[in-house]
Amino acid sequence: MAVPQGSGWRISVDTGGTFTDVVVADERGHFTIGKALTTPSRIFEGLRAALATAAAALGLTVADVLAHTAILIYGTTRATNAIVTGEVAKTAYLTSAGFPDVLVLREGGKFDPHGFSKPYPPPYIPRRHTFEITERIDAGGGIYLPLDEDQAERTLLSIKARGFEACAVSLLWSIANPVHELRLGEMIERILPGVPYTLAHALNPILREYRRASSAAIDASIKPLMQAHLRDMQADLRHAGYSGEILVSTTIGGCLDIDSVVARPIHTVRSGPAMGPVAGRRYAEFEHQQESVLVVDTGGTTFDVSLIREGKITITQETWLGEQFTGHMLGISAVDARSVGAGGGSIGWIDTAGLLRVGPRSAGANPGPACYQLGGQEPTVTDAALVLGYIDPHYFLGGRMQLDIAAARAALKTIADPLQISVEAAAYSIFAVSNETMINAIKDITVSEGVDPSEAVIVAGGGAAGLGIMPIARELNCRTVIIPRTASVLSACGMQFSDIQVEHSASMPTRSTTFDRTTVNEALAAIDSHLDSFAARLGARGFNARQTAYRVDAHYAAQVWDISVELPGARLESAADVAQLVQSFHANHRRIFSVDDPASPIEFLNWTGRLSIALPQPLASAPVAPMAPSAPRHIGLRSALFDLDDRREARVYRGEEIQPGAVIEGPAIIEEATTTLVLPPGTRATLSPAGSFVAEFLPR
Amino acid sequence: MKTEFSSPTPTPPHAEALSPMLLAVLANRFDGVVREMTNTMLRTGRSAVINSARDFSCGITTADNELFATAEGLPAHTYGLNLQTATMCAYHDDIAEGDAYLHNDPYSGNSHPADHTLLVPVFWEGEHVFTVCAKAHQADIGNSLPTTYHAAAKDIYEEGALIFPAVRVQRGFETNQDIIRMCQRRIRVPDYWYGDFLAMLGSVRTGERRIRDIFQKYGTATIKRFVVQWFDYSEQRMRLAIAALPAATIERENFHDPIPPFRTVQIPVRVKLTIDPVAGQVEIDLTNNIDCMDNGLNLSEACSISNSVAGVYNCLPSDIPRNGGSYRCISMKLREGAAIGIPSFPHSCSVATTNVSERLLNNVQAALAELGEGFGLAEGGIGMGAGMSVISGTDARHADHPYVNQLIIGGNGGPGSPYCDGWITYGIPVVAGLMYRDSIEISELSYPVHYQTIKLTQNSMGAGRNRGAPGTLMTYGPSNHPMTVVFAADGQQNPARGVRGGGDGNVGRIDLIDETGAETQMPNVGQVELKKGQWLRGLDTAGGGYGDPLEREPSRVREDVLERFICVAHARDVYGVVLNGAADEETLAIDDTATMAVRLAMRSARGSVRSGGALPADV
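Protein sequences appear in the order of chains H and V. Residues in the first sequence are numbered from 23 upward in steps of one, following the numbering used here. Residues in the second sequence are numbered from 266 upward in steps of one, following the numbering used here.
One thing to keep in mind: the hints can contain errors.
Here are the simulated EDC-like cross-link-like pairs (lysine to aspartate or glutamate), alpha carbons at most 20 Å apart as the crow flies [to be verified]:
| no. | chain 1 | residue 1 | chain 2 | residue 2 |
| --- | --- | --- | --- | --- |
| 1 | V | Lys482 | H | Asp667 |
| 2 | H | Lys112 | V | Glu824 |
| 3 | V | Lys720 | H | Asp160 |
| 4 | V | Lys482 | H | Glu497 |
| 5 | H | Lys112 | V | Glu828 |
| 6 | H | Lys465 | V | Glu828 |
| 7 | H | Lys140 | V | Glu851 |
| 8 | H | Lys465 | V | Asp296 |
| 9 | H | Lys182 | V | Glu851 |
| 10 | V | Lys797 | V | Asp779 |
| 11 | V | Lys797 | H | Asp160 |
| 12 | V | Lys482 | H | Asp665 |
| 13 | V | Lys482 | H | Glu477 |
| 14 | V | Lys720 | H | Glu154 |
Here are the computed distance ranges between Cβ atoms for each label pair [claimed, not checked]:
| no. | chain 1 | residue 1 | chain 2 | residue 2 | range |
| --- | --- | --- | --- | --- | --- |
| 15 | H | Arg205 | V | Met447 | 53 to 59 Å |
| 16 | H | Gln346 | V | Pro582 | 30 to 36 Å |
| 17 | V | Glu784 | H | Pro144 | 33 to 39 Å |
| 18 | V | Gly391 | H | Thr348 | 54 to 60 Å |
| 19 | V | Val493 | H | Glu471 | 33 to 39 Å |
In case anyone wonders, no lab produced these hints; they're calculated from the structure. All C-beta atoms in this analysis are idealised placements derived from N, C-alpha and C, irrespective of residue type, glycine included.
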C-alpha cells in the first residue's frame, strides 16, 4: 500500500519478560499489532522484530513506519525486573542518625499469624550499606540538631572509597525542611562527582519516612541502569532513522519524556500493569459505559485488577513490589493494579484432608501445563479449560502450539480419583475454584474503594481473560463484560490512549479546625511552579494542551490511613472553598467506609498537583466501522461443560470472520489468534464497531 | 475442674455430601465475608490500636456457638468469640434480627475489658443461623487510670472499667443512645471510642449482609450441610497434623517477672501437654497454676484457652482452619479461681491479653520443641516495653487538646523456628508480627512526642542454628507539655528462652534519663511523667534461638556480622565462627580451619558441662 504522507502515526511498545508487543496506530486510529520475542541483551532487536511483523501486515518496511511516526511510546519492565532480581546498583542509603532501620522495619504487618517458616525479608538496601548522618529536623520543620558536615564528609569519603554506584538520601522530616538533604546533595556532587543520587524530599515529598525512603532507595538504585538503558534505546531508534518524539510510559498510567524519566526512573516501575486500565477506560468509553469499570488482565501466572470510578483510574500510594508487608513499597503514586497469583498455570491439588485447592503454586510457562508437554505433570487451569472443551487443542495461539488433551486428562485424573469424581468434574471444579481467587481479588479492590461490583462493567484483557470471565461476572452480578479483540496486548493499547502526566507533591499538614489557607496556597503555588517548569520544557516541543488537577491526602484526626480528595480549584481562595473541601472529605469517607464523622477534625497532609498534557489522540472517539446486525456462521460444534453436569454443544466461531454488529448467543466459543472467549448458556455477545465483544447476561 | 471441647463427634458420611467444588467454593465465600469485615474495620477504625496496631479480630460463630471462621485474626483472639456469643444466647431469650450486643466482660467469655466486642445475630427466613462478631481493643475504656492495661488493679472495682456482659445496643437496627452516652461520659477519648464503635458496627453489619447473600444463593440446607462438612474437614486436617507428632507428655514452666509492688515474686506459668498422635488429640492442662492474684494480670478464660491453643497452632501447618472443627482435637483442663484458668470475680483481668498470656503462649510452643528436632518453636521476645507504652497528656500545638494513645514504635524479636530465624517486627507473642508499626513522622505529627533513636540491637538475640530476631532500642520524650507514660512490660528478669540448645534473648530494660543525663531504671510495670528534656529509653527483648548455635552455617554467621546483627567477637564466642578481615563485605572472610577447631573445642568443653542430658534424649 502507499505510505500516507505527512501523517502522525503513533507506535506503542510494551516489552514484557517474554514478548515485545507493538501497536501501530495510523492517523485514522486503526491499530496494527506486532509481536516478537523479547531480546533482553539488546531490547531494540526485539522491538524491531515486532515492528517488522506490524509493518509487514501493513505492506511496509520498518523504516517506512518509523518515517511516518510522530510519537513513539516505550514501555519497559527493565526496572521492575532489575528490582525483582536484585540486579541494581550498589547503593548507599543515608539516613538520620539514630534511625538506621527504616527500610528494615518497613511499616510492620504480616500475613499468616501462625506461620513461622518464612524468614524475615531483607531490606531493599542492606544494613551494611546504610549510613547514619548526624542531623535532625523536627516535626515543625525546625533544625533540632544541625547537620554535622565533618561527619557527613567522612561518611561520603568512605562511600567513595568503597565504590558505591548510587546514593539515596532520606532524612526524617526533610519534607518540612529540606535544608539538610539539599546540603548533602551538594556534598555528594562535590565528593562523588558523577555518582547518581536521589534526595527523597525532591523525588517524593510525602509524609511517612518508610515510603519516602523506600522510593528514594529504589529510584537511586536503578538510576545507572535505566539511564544507560533509555539512552541506548534512544540512540538505537535514532540510528534506525526515527526522528519523532520518544516518550516512556509510567506507573501512574501516563507517559513522560526521556529526560524526565532518566532523572526519576522509579516512574517506569510497574508501568505495564498501569497501562491496562488506561486501555480499559477507553474501551469502556467506546461502548458508552459510564459506570465504574473493573479492568482485569489475566496472564499465565498473575491476575491484575484495577478500578476506574467516574472516569478516573484509582491511584494508590501503597504499591508493593512483591507481596504486601514483605516486598518493598514503591511509595510513589501508582495506578492501583493489584496482582494475585492466579492464571492458566495455577496448579490444582488436594490437601491432606481431601479439600480441593488451586494455586498459589503455578506451572508458569515452563514446565507449563501438562497439555503443553514440556515436562509439566500437574493439572493446571489451562488443562482444565482444555478438557472442558473451551480450548481447541489445534488452535492454541492461532494453531502455533499443539496441546495434548490426553496429557491434560492424565494430570486431572490425579485429582479426580481421590475425590471419586470424573475427570470432567475435576476439570470443572479446578476451573471454578480458580475463578474464586479472582472473584476475591475483585471484591477486595471494590470493597476498599466503596464500589458495588454489580454496578460496574468489566473490561477483560490478557490471553486467558475470556475463559472464565463470564462466570466471574455472573457471580459478582456485573451486567456487562467488554472483551476487546486486542485483549492480549492491553498494555500496549493503553499507551496509545495515554497522555503526558506528571505529579508533584508537597507535605503541608493542617487541620480543618485551624486550617492554614495561606500556607496551603503557598504549597500549591510551589507545586505549580515545579509543574510549570516541566510544562514549559515540553511546551517548547509543541505539547501545549495542558491542565492540572489537585488533590490532598487526608484523614480524620488520629486515623492513620489517608483517602484522597480533589480540590475544588487551583487554590483555596476562600473559607467557602475550605468548607467545600471538608464536605468532599466527609462524602468520600462515607462512600468508601459507609460512615462519616462530621464532628471530627480532619487532618490534611500531602497536597498533589497532577499535570496532564494531552497528546494528539489517534482515537478521539470510537472508530467507525461498517455495522450491520448479522448472525455469523460458526465453523463447527464442540462439546463443552458449563457446570458440573451441564454438557452442551457449543458453536465455535473464528474471531476474524465476525463482522461488527454480529450477535452470538451462548453456548459458544469465539476463537481469536491470541485469546478465546467462552460464552456460557444464558449469555450473548455483540461485536461492537470499536472492535470489542460486549457480552451480557440474558434475562432468565 | 472443667474440660472444654470434650467429646469429638465425628459425623457419619452423609448421603447428600456437597461436591468437592462446592465445599471449596463455600469455604472461600465465608472466608471472603471475614476478609471484608476485616478490611472494613481496618480502614475505618479511629484509634491507632485498631487501624495501625491491628489489635482487632472479626469472626463468625454458628448459632449454637461454635467458632466458624476467623480469617487473619490475632492469635490472642483466635478463641473466645464463641464464649461471648454463648453468653449472648444465655442472657437473652428474645434475640431478633436487627439486634446488636456489646460485650467486654472477661468473666463471661471476653479476653479483657478493653476488647469491646459487637455481636450481631444473623437471621435467615426467621432463623438465627450465624452470629458475626467484631472485637477491637479500645484506646480507652474509662479505667481509673489512663491505660487499658491496669496492672495495679487489685480487683475490677479498682480497675474501673465499664463492663458490658452482652448488653443489647441495637434493636431493630436502631442504636440505644443511652449506652452511647454512658460510654462517652466515662471514656477519656469519647470521639475515638465512638469512631471505633461505628467501625465495628460497619464491620458486623457488612458481615451480616454478606452471609445473607450466601444464603440467598445457596439455600439453608446447603449451608447447614457445609457447616458440618467444613468442621469435619478442619478436624481431619488437625488430626493428621497431630498424628505426625511423637506421643509425649511434657510439663514445662516459665515465669513472668515480679511486678513490685503489686507482686514481689515471679508468676509461674505451668503447662502440661499430652500429645496422643493415635487419637489425634492434644490435651493442655493448666490446672497446676497459682490462684488468682490481687493485680490486673490474671487471665480470663478466653485468654487461657486462646493462648494455649495458639501455641499449638504455631507449631502445625499454618493453613489449618482455626474453628470449632479443629478445636475438637484440643482439650483443655482449666481450674476455677486460677490466675491462669478461669478467673474468679472480682479479680482483675485488665492485662489478661498480654503479659502472662505471652508467657503462656511461649510456654506451649517451647514445650512442643521438646518433642524433637523440627518440632515446636523457641520463645518469642516478651513485654510491652517503652515502645508499646500508653502516652497521654495535652498537646500545646492543638490548644492543649488532650491525647491518649498506645505507641507501636518498638517491639521484641520473634523466636527461632526449625525453618528460619525469628521475625523482626514480631512485637509480642500474642500478635506475632501482625500489627503495623507507627510511622515516626505520623507519630510526631499526631502527638507531641520526639524520638531520638529507634533501632535494632546487636548481639542481643538468642543464638541458635536459627537465631531469634533482635529487639528494638528507642529513646523518646515529650516535645512540649509533660507526658505521662504508662507501661506494663515484662522481660527485665526472665528473657525469652531458647530451645534445643538455642540461647536466650536479652533481658529488657526501661530507663528514665533526666536533664543532666542521669539514668534511673524503671520497673517492668509503672508510670512516669516526663518533662520536656527528660527521656525514656527502652530496650526491648530479642527472641530465643532454636537449635545449637554451633550448627549454624558459617556463611549465615558471616552474613549476620556484615549486617551488623552481631559483631566479630560474638560470632567467635557464641557461634565458634572465626572471621578474618574488616567487618565489610569487601574483606570479611571465614577462616574454615580455625572455625572447625574452635567449634570442636567448644563442643568438648560443653560436653563436660552438659553431660547428664540437658538436651533432649533424641539429640
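Hint check:
{"no.": "1", "hint": "V/Lys482 x H/Asp667", "in the structure": "18 Å, holds"}
{"no.": "2", "hint": "H/Lys112 x V/Glu824", "in the structure": "17 Å, holds"}
{"no.": "3", "hint": "V/Lys720 x H/Asp160", "in the structure": "18 Å, holds"}
{"no.": "4", "hint": "V/Lys482 x H/Glu497", "in the structure": "10 Å, holds"}
{"no.": "5", "hint": "H/Lys112 x V/Glu828", "in the structure": "15 Å, holds"}
{"no.": "6", "hint": "H/Lys465 x V/Glu828", "in the structure": "41 Å, violated"}
{"no.": "7", "hint": "H/Lys140 x V/Glu851", "in the structure": "29 Å, violated"}
{"no.": "8", "hint": "H/Lys465 x V/Asp296", "in the structure": "12 Å, holds"}
{"no.": "9", "hint": "H/Lys182 x V/Glu851", "in the structure": "14 Å, holds"}
{"no.": "10", "hint": "V/Lys797 x V/Asp779", "in the structure": "10 Å, holds"}
{"no.": "11", "hint": "V/Lys797 x H/Asp160", "in the structure": "14 Å, holds"}
{"no.": "12", "hint": "V/Lys482 x H/Asp665", "in the structure": "16 Å, holds"}
{"no.": "13", "hint": "V/Lys482 x H/Glu477", "in the structure": "19 Å, holds"}
{"no.": "14", "hint": "V/Lys720 x H/Glu154", "in the structure": "11 Å, holds"}
{"no.": "15", "hint": "H/Arg205 x V/Met447: 53 to 59 Å", "in the structure": "56 Å, holds"}
{"no.": "16", "hint": "H/Gln346 x V/Pro582: 30 to 36 Å", "in the structure": "22 Å, violated"}
{"no.": "17", "hint": "V/Glu784 x H/Pro144: 33 to 39 Å", "in the structure": "34 Å, holds"}
{"no.": "18", "hint": "V/Gly391 x H/Thr348: 54 to 60 Å", "in the structure": "46 Å, violated"}
{"no.": "19", "hint": "V/Val493 x H/Glu471: 33 to 39 Å", "in the structure": "36 Å, holds"}
The structure fails hints 6, 7, 16 and 18 (numbered hints given earlier, in ascending order).
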